[in-house]
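Residue numbers (the numbering used here), protein chains in the order written: chain A, 1 to 203; chain B, 1 to 261.
Since the hints were made in silico from the structure, they are not lab data.
Where hints are given, some of them may not hold.
Simulated pairs of lysine to aspartate or glutamate, EDC-like, Cα-Cα distance not exceeding 16 Å [said to hold, decoys possible]:
| id | chain 1 | residue 1 | chain 2 | residue 2 |
| --- | --- | --- | --- | --- |
| 1 | B | Lys92 | A | Asp10 |
| 2 | B | Lys194 | A | Asp114 |
| 3 | B | Lys207 | B | Glu161 |
| 4 | B | Lys194 | A | Asp116 |
| 5 | B | Lys3 | A | Glu125 |
| 6 | B | Lys3 | A | Glu139 |
| 7 | A | Lys34 | A | Asp64 |
Computed spacing ranges between beta-carbons, pair by pair [said to hold, decoys possible]:
| id | chain 1 | residue 1 | chain 2 | residue 2 | range |
| --- | --- | --- | --- | --- | --- |
| 8 | A | Asn115 | B | Asp183 | 25 to 35 Å |
| 9 | A | Pro54 | B | Arg59 | 26 to 36 Å |
| 10 | A | Gly138 | B | Thr211 | 20 to 30 Å |
| 11 | A | Gln38 | B | Gly15 | 31 to 41 Å |
| 12 | B | Lys147 | A | Ile110 | 41 to 51 Å |
| 13 | B | Asp137 | A | Pro54 | 42 to 52 Å |
| 14 | A | Arg24 | B | Ser181 | 57 to 67 Å |
| 15 | A | Leu75 | B | Lys207 | 57 to 67 Å |
| 16 | B | Leu27 | A | Tyr61 | 46 to 56 Å |
| 17 | B | Ser148 | A | Leu41 | 43 to 53 Å |
| 18 | A | Glu125 | B | Ser148 | 19 to 29 Å |
| 19 | A | Gly138 | B | Ser86 | 35 to 45 Å |
| 20 | B | Ser86 | A | Leu41 | 31 to 41 Å |
| 21 | B | Ala214 | A | Glu125 | 43 to 53 Å |
We put the beta carbon where it would ideally sit given N, CA and C, even for glycine.
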Amino acid sequence: MKNITIGIIDYGMGNHASVEHSLRDIGFRVRVSKDPAQLDLVDALVLPGVGAFPAAMSALYELDLVTYIQEQARLQRPLIGICLGMQLLVSASFEHEYTVGLDLIPGEIIAFSDNDVHIGWNTLECSYKDPLLNPSDGESFYFNHSFVYQGPAEYQIAVARHLSVFTAAIRRGSVIGLQFHPEKSQLAGKVLLKNIIKELVDA
Amino acid sequence: MLKKRLIGVVTVKNGWAVQSFGYRKYLPLGKPECLVENFDRWGADEILVQVIDRSLTERGPDFELLEKLGRLGLGTPLIYGGGIRSVEDGMKVIQSGADRLIVDALLHDDLSVVNSLGVRLGKQAIIASLPMSIGADGLELYNYRTKSKSHISEALTNVIEQGLISEILLTDWKNEGYPVSFDKTLVELFPFQKIPLITFGGISNVKQMKTLFARSNIAAVAVGNFLNYREHSIQEFKDTMASATLRSPSYATENSLQADV
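Starting from the given sequences, assemble the full structure and let the hints guide the process.
Next up, the structure:
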């Protein structure tokens with residue numbers, strides 16, 4: 001595990017420094033890059049993100065990273081999307097305007113009902129169907145979003161509750177999306193990151 | 001269940017963390033990064049850093065401070081306020097390590113920038129800071145740069161009612177820094193009851209916190225001076241409150257994490 005290297009995809013959206021610190025604290029090696037040649041050298045990819053969906057997709061297109069990320073998913077390389085990065089993994093989003101996403105996991109990103117926002121620490125409820133996140137079942141994680149995943153239940157591996165039940169994590173093979181910020185969820189977040197990266201890389 | 005939050009506030013003036021009293025008197029506390037590191041270690045739910053002299057001096061955000069905070073590798077969400085003048089400033093603040101922005105001067109100067117920040121970053125990233133007091137004519141919004149009070153403008157009302165921001169920091173600015181002095185009438189009279197509030201200013205004991213948290217529109221309580229008077233104050237507050245609405249106090253140790261690495 002000490003030799004696992006994580007590649008953070010740097011596409012200019014948001015703060016990847018926190019993710020980098022968190023991963024290094026756990027004990028992983030980290031590369032931050034937008035260069036596919038560099039990202040090819042790592043064991044797992046992380047796609048972070050803060051901001052709006054259309055701007056993020058534009059940034060990925062401008063850096064010619066869309067096809068690269070899609071290809072890596074097809075090759076079964078572990079890929080973890082965090083917050084906006086999770087939303088980018090799905091088919092499309094309705095944030096501001098209809099925008100096609102990376103389409104690695106079927107589903108869409110829609111606004112919370114009543115224009116609501118979901119900010120703060122909430123409890124993760126893991127699905128019995130997929131044991132990946134089970135060690136973190138019942139732990140609290142930090143969420144900060146106003147749009148949410150809507151898609152087939154088979155891809156939902158964890159939910160949380162805010163007015164109603166919503167999707168907190170999705171998975172399709174080696175591609176994982178986390179709606180919350182494990183890197184800002186103190187020890188619980190680091191434990192979760194450690195577990196899922198170890199599991200995905202060892203698989 | 002979404003928990004209510006206890007936010008640690010670090011007020012920065014002339015590069016130093018200060019105790020602030022009623023927006024007019026300041027006493028030095030030390031290096032901001034040391035206080036922020038403490039709040040991170042003590043398990044704050046969020047940390048709010050407000051640099052109160054950046055807009056006054058038109059120097060823009062304090063990127064030097066943000067760089068220092070970035071080097072701490074915080075595991076706690078960071079809210080930054082101070083000197084944000086444009087969308088570019090806001091984007092750079094987020095890229096420098098903040099998770100959310102808080103704006104005050106911009107609410108008086110240029111609401112279109114606030115709107116654009118929401119579009120670019122998502123409204124969940126934007127908090128409006130409203131220092132309030134009660135005058136003869138009802139609630140008054142304080143402009144700390146001009147030291148004047150006014151009613152909330154129609155334009156600002158529109159921004160809030162249109163949901164272009166996610167939360168409001170409702171500060172009892174007159175009582176800020178003084179123990180057990182937050183005037184809860186501010187909350188009762190506050191005209192926007194649907195938007196989540198962060199209350200701040202003169203909140204120093206558990207009884208006050210419990211009263212505030214009992215209101216459904218209060219999402220968080222922010223505390224500044226009173227968290228710095230003793231070690232582990234955040235865990236102590238949470239322990240004493242023993243409330244299911246708050247995240248349990250965390251006594252973070254890396255041992256359990258590192259053991260398997």
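field: CB-CB spacing for Asp183(B) and Asn115(A) relative to the 25 to 35 Å hint
entry: 30 Å, holds
message: For Lys92(B) and Asp10(A), compute the direct alpha-carbon distance and say whether it is at most 16 Å.
response: 15 Å, holds
query: Do the Cβ positions of Pro54(A) and Arg59(B) conform to the proposed distance bound of 26 to 36 Å?
result: 32 Å, holds
- request: Indicate whether the distance between the beta carbons of Gly138(A) and Ser86(B) respects the range 35 to 45 Å.
  value: 42 Å, holds
Restraint check for Lys34(A) with Asp64(A), where alpha carbons must lie at most 16 Å apart: 9 Å, holds
message: Hint check: Lys3(B) vs Glu125(A), CA-CA at most 16 Å. Holds or violated?
response: 15 Å, holds
query: Is Lys194(B) within 16 Å of Asp116(A), Cα to Cα?
result: 10 Å, holds
- request: For the range 41 to 51 Å, tell me whether the beta carbons of Lys147(B) and Ile110(A) fit it or not.
  value: Because 45 Å falls inside the window, the suggested range holds.
task: Kindly confirm whether 42 to 52 Å is satisfied by the beta carbon distance between Asp137(B) and Pro54(A).
output: This hint holds: roughly 44 Å between Cβ atoms.
- prompt: Falls inside 57 to 67 Å, the C-beta gap from Arg24(A) to Ser181(B)?
  reply: Violated, since Arg24(A) and Ser181(B) (Cβ atoms, about 43 Å apart) do not stay within the stated range.
message: Next pair to validate is Lys3(B) with Glu139(A); report whether the Cα-Cα distance is within 16 Å.
response: Answer holds: Lys3(B) to Glu139(A) is near 12 Å, not above 16 Å.
field: Pairwise beta carbon distance, Gln38(A) to Gly15(B), judged against the given window 31 to 41 Å
entry: 37 Å, holds
In terms of the numbered hints stated before, the structure departs from hints 3, 14, 17, 18 and 21, listed from lowest to highest.
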